[in-house]
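Given next are the chains, with one letter for each unit.
2 protein chains.
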Amino acid sequence: MDEPVLLTGAGGHVGRTIYEGLKDEYDWRLMYHSQPAEEPDVPYFTGEVQDMDDVSPAMEGVNAVIHLAGDPRREAPWHSVLTNNIDGTHTVYEAAVEHDVEKVVYASSNHAVGAFETDERTPEMYRADDSFRLDGTELPRPGNKYGISKAAGEIIGRYYHDEYDISVCNIRIGNLNEDHPPIDYERGQAMWLSTADCAHIHDCALKADYDYEIVYGISDNDRKYYSLERAKDVLNYKPRDNSAEWDGAEKIV
Amino acid sequence: MDEPVLLTGAGGHVGRTIYEGLKDEYDWRLMYHSQPAEEPDVPYFTGEVQDMDDVSPAMEGVNAVIHLAGDPRREAPWHSVLTNNIDGTHTVYEAAVEHDVEKVVYASSNHAVGAFETDERTPEMYRADDSFRLDGTELPRPGNKYGISKAAGEIIGRYYHDEYDISVCNIRIGNLNEDHPPIDYERGQAMWLSTADCAHIHDCALKADYDYEIVYGISDNDRKYYSLERAKDVLNYKPRDNSAEWDGAEKIV
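Chains L and B, in that order, give the protein sequences.
Just so you know, we're using our numbering here: the first sequence kicks off at 1 and counts up by one.
Just so you know, we're using our numbering here: the second sequence kicks off at 1 and counts up by one.
Since the hints were made in silico from the structure, they are not lab data.
Ideal placement from N, C-alpha and C gives every residue a C-beta, glycine not left out.
Wrong hints could be hidden among the right ones.
[Said to hold, decoys possible] In silico SDA-like links for lysine to any residue, alpha-carbon gap of 25 Å or less:
#, chain 1, residue 1, chain 2, residue 2
1, B, K238, B, A208
2, L, K232, B, E138
3, L, K232, B, L139
[Claimed, not checked] Derived DEER-like restraints, expressed as beta-carbon distance ranges:
#, chain 1, residue 1, chain 2, residue 2, range
4, L, K238, B, A196, 50 to 60 Å
5, L, E3, B, H79, 48 to 58 Å
6, B, E60, L, H79, 17 to 27 Å
7, L, G61, B, R240, 52 to 62 Å
8, L, Y210, B, E98, 54 to 64 Å
Isolated chain L (complex conformation) (with noise of 0.2 Å):
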């Protein structure tokens, strides 16, 4: 692609993973909360992500943004979601805007579907022969504050679609912790996101065409509870990884 891509919470896991994994592939523009330990190679940006000042000069020319930024920590509290994840959302969308971008991927988060883990559905939903599945057409069901910021955020991104005509891809990511899944954590199985598959599935979402889409965004485990169905149809999402061929750190398959 030509024309640059912005990725906004550069500095975090799931944005170093991404700009790791796609470096070559795209004429990147990083932001961060603050100034990284190691200059990036491209152009970059910092600041608070719910300024309109820290965030316009960094969408200047781009063609579709991945927003990542915002207060990551699952029990962050009400007002820093409400500021930095749900005001700041609002803010790179109305930048979007500003900047006539096409599309907008958002990361949006397990946590915004996490009260789907009743005590009357766990452990068995986290097992392989079961056949719970969320598929991105439920109605949000947050289990925390940072979950209820995730999901305000896809609303906002529809808000924009409707009106702007912006695509926008919202990926609910599962966990994104190790270099292998976790070891004896049955819910870390079924929600491994693999560090491969996180690139690959942000690539997906940079390269397809979509009005206005809710995809999960796990590896292909054997354990899960959320479908991937969406994501392969209208991403042509691949994912190579599943839990499953993992022994502990070892992979078995």
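Use these hints to put chain B onto chain L, whose structure you have.
Below, chain B without anything else, positioned relative to chain L:
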């Protein structure tokens, strides 16, 4: 009912309609944004709905809340709805948890789903022979930033229901804008909620048993694109009015 009910946004149009209609039915506590011109006959409070110090005293001893307070303007700017509506709704739920409130009836809005009214569907969807219906299971499509804030409020309520077992009913209120249906305005006739039905549906929501609900609040208009099935089934809502029974400002049936 013996235990007090708090009505926030008591000074607004919907608030006054509910209080007038149900004055003798409940032991009311009223919350206003600013001092009301006429002193109410019941305990009342004034303050900012996003400020816990203002909301918490109003919630003391209360069993149920009808939460209407917020910026009601359809074209309200983002920072007003972020503060008054989104943060305000969070504060109301936090205070509800603090005071062991059992039930919250939340004034959502037709604007949470306003973008379903596409150029392709209108004006046909406003007509009695059109079968398009929303029933509350669809993902929101806000038509403006006010609508974003209302949809976000529904999600906040979902969290507080799941986490604290508060019964939550979100009423997507249509248009309570006249003593009679709007004249020569198809959308308005489809969206009409009469004064009597407005008080009645909130009475139903205070009396019924439910976990978490999203219902539509309009009269039983021949013209409609909201299903009333859920309100009828779960709340026992029995609307008595229908915009088709009016010719201009005259009731003809």
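Verification of the supplied hints:
no.	hint	result
1	B/K238 <-> B/A208	13 Å, holds
2	L/K232 <-> B/E138	22 Å, holds
3	L/K232 <-> B/L139	21 Å, holds
4	L/K238 <-> B/A196: 50 to 60 Å	58 Å, holds
5	L/E3 <-> B/H79: 48 to 58 Å	31 Å, violated
6	B/E60 <-> L/H79: 17 to 27 Å	24 Å, holds
7	L/G61 <-> B/R240: 52 to 62 Å	59 Å, holds
8	L/Y210 <-> B/E98: 54 to 64 Å	43 Å, violated
Comparing the model with each earlier hint shows violations of hints 5 and 8; every other hint is respected.
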